[in-house]
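Those protein sequences? They're chains A and B, same order as listed.
No gaps in the numbering here: position 164 of the first sequence is 164 in the numbering used here, and each next residue is one more.
No gaps in the numbering here: position 96 of the second sequence is 1096 in the numbering used here, and each next residue is one more.
Keep in mind that a hint or two might mislead.
Claimed, not checked - Where chain A lies over chain B, by a calculated footprint (3+ residues, C-beta under 8 Å):
(1) 1042-1052
(2) 1074-1083
Claimed, not checked - Here are the in silico distance ranges between beta carbons for each label pair:
(3) A:LEU37 - B:GLN1058: 43 to 53 Å
(4) B:PRO1019 - A:VAL204: 14 to 24 Å
(5) A:ARG175 - B:GLY1088: 37 to 47 Å
(6) A:ARG175 - B:GLU1049: 37 to 47 Å
(7) A:VAL204 - B:GLY1088: 57 to 67 Å
(8) A:LYS79 - B:THR1045: 28 to 38 Å
(9) A:THR144 - B:GLY1095: 47 to 57 Å
(10) B:TYR1036 - A:LYS31: 17 to 27 Å
(11) A:THR144 - B:TRP1038: 33 to 43 Å
(12) B:VAL1100 - A:GLU165: 18 to 28 Å
(13) A:ARG124 - B:PHE1080: 38 to 48 Å
(14) B:GLY1088 - A:GLU83: 13 to 23 Å
(15) B:TRP1038 - A:GLU129: 15 to 25 Å
Unchecked claim - Derived coverage of chain A by chain B (criterion: at least 3 residues anywhere in the stretch with Cβ under 8 Å from a Cβ of chain B; other residues may be distant):
(16) 20-33
(17) 38-50
(18) 179-192
If you're looking for bench data, these hints aren't it; they were derived computationally from the structure.
Owing to the predicted nature of the structure, the values given are computational and were not obtained by experimental measurement.
Glycine included, every Cβ here is placed at the ideal spot set by N, Cα and C.
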Amino acid sequence: MNYKGRTILASAMIAAVFAGLGVRLAFLHLKPSAGTLARIERGRHMEEETRGPRGRILDRSGNIFAVDIAARHLCVDPKFILENGDIQQVCEAVTKVVPLSRSEVWKLLDQPERQYVRINRYMREKTLEPLMAMKLKGVIFEETAMRNYPKGALGAHVIGFSNREGVGSAGAEQRMNSYLQGTTGLRISQKDGRRHEIYSRRTVDIEPQPGADVYLTIDQQVQHYAEKALDELVSKYQPKGAGYCAEYSHRRNPGDGFLADLQPEPL
Amino acid sequence: MKKKQKKKSRKAEVRIPFPNVLAMVLVCVAASGLSYVWLCAQCNTLGDEIKRLESVRQKASQQAVTEQSRWENMQAPANFARALKHHGLAMTLPGERQIVRVRRSSGSRALTLAYNKQGVNKADEL
């Protein structure tokens, strides 16, 4: 075949390829088959369920005893890191922020067949800030919430605690669980090729509602001094068990005193 | 003969209104198409902006809660006492003689000094 013939053949082949692509595009846009359409819809579909934060527990003066704060799970995609990232760099950076040794982190990262490994759960955002700033490939920061008790052990027997699933398991957390629990929100939308949500395709958007705040009748100062006094008595007399009743009387409405706290102190 | 034919053909060309109408229709279609594309682009830009602001709002509210929690932690009586001790501040509660109580009287909206140590109502209007 001569030069002219080859050129014509190549041009014809390129033209045929483009024509095929054009026809395919036209079919996809104008009259896609039901199966193709369903596959595209499945790939684009996005459904997110988010739980509203648990309500706060406060004392009678509005001091916060329990609150939900933002936290993150530190996860990695070992397969992606091994193929596209720098495993050494990731290992060094992760070791700095997690309470694990370098060899332990390496062991978790060195799993080329896995695409999801959770390194550490419920980490504070402040701890992860330096790692997040590095924008390492294959390192994932999953958003979550964790229960925080800013007053520490103060009134711990009254407040109780909630478990990792956000369900009250003791004290006021358990008793008031139905009020404290937030409602679940729902967002149905579509995502683009980069897995980002397309805002204009958002069809359902129900905001999650935070749980109700619970105001207790205890006072943090009274509680503190009562606990302190009880500690002193316990260390002095070494009883088998001890309890106290801290009552707060409202000055503005005389006689409107109420029982603030009654609890056994475990020894 | 040729001149007559030319004249006839020119006249015939002028009389046909089709190209002008078609041009107008095409311009309208193009303008509508471009407007549609422009509006879609605007909607997408606004959508992206809304999403960005949603994330900013969420982050700001999360940060506010975290800071509030930190502040509450600092205000906890045990931590407060520890901080006072750390900075060498020997603070005690004031005696009853040192306290001046200010109350809103029931009748007027003015504030009054309610009572001194002995509980005698001075009722000095401020």
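**Request:** Provide an ascending list of the numbers of those earlier hints which the structure does not satisfy.
**Result:** 3, 4, 12, 13, 14, 15, 16, 17 and 18
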